[in-house]
Amino acid sequence: QVQLVESGGGLVQAGGSLRLSCAGSGTITAFNAMGWYRQAPGKQRELVAHTAIGGRPKYADSVKGRFTISRVNANNTVYLQMNSLKPEDTAVYYCNAEAKRAYWGQGTQVTVSS
Numbered sequence: 398q399v400q401l402v403e404s405g406g407g408l409v410q411a412g413g414s415l416r417l418s419c420a421g422s423g424t425i426t427a428f429n430a431m432g433w434y435r436q437a438p439g440k441q442r443e444l445v446a447h448t449a450i451g452g453r454p455k456y457a458d459s460v461k462g463r464f465t466i467s468r469v470n471a472n473n474t475v476y477l478q479m480n481s482l483k484p485e486d487t488a489v490y491y492c493n494a495e496a497k498r499a500y501w502g503q504g505t506q507v508t509v510s511s
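Mapping of the sequence shown onto the working numbering: residues 398 to 511, in sequence order.
If you're looking for bench data, these hints aren't it; they were derived computationally from the structure.
Any given hint could be a false lead.
As the list claims (entries may be wrong) - With a straight-line Cα cutoff of 25 Å, these simulated DSS-like cross-link-like pairs (lysine-lysine) come out: (1) Lys461 to Lys497; (2) Lys497 to Lys483; (3) Lys440 to Lys483; (4) Lys455 to Lys483; (5) Lys461 to Lys483; (6) Lys440 to Lys461.
Work out the full structure, taking the sequences as your base and the hints as a guide.
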């Protein structure tokens with residue numbers, strides 16, 4: 398059984414920073430790709446950032462230049478460094494990992510006050 402456990406969400410003022418972490422565990426040796434999605438109230442879940450083994454990170458246009466995704470393959474951990482946060486970044490952030498199927502974390506709330 399595979400689990401993704403997120404941490405690092407919280408409340409921050411506009412212009413501030415947060416770092417999200419996601420650790421994968423269970424009966425899997427490596428994920429082909431890991432990433433972050435977010436879902437704001439009343440909106441669909443959207444891709445924030447994504448990194449695949451052997452590929453270049455991909456970012457949503459709205460976060461380019463502000464967010465950075467990084468990954469430690471050895472322990473199936475992915476991070477999202479979020480700088481210059483804006484109120485429109487407020488959402489529940491979900492970790493995603495892909496192997497033979499997609500796995501999701503439980504979500505962590507990020508709230509950016511103006």
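Now the hints, each set against the structure:
| no. | hint | verdict |
| --- | --- | --- |
| 1 | Lys461 to Lys497 | violated, 29 Å |
| 2 | Lys497 to Lys483 | violated, 35 Å |
| 3 | Lys440 to Lys483 | holds, 17 Å |
| 4 | Lys455 to Lys483 | holds, 20 Å |
| 5 | Lys461 to Lys483 | holds, 13 Å |
| 6 | Lys440 to Lys461 | holds, 20 Å |
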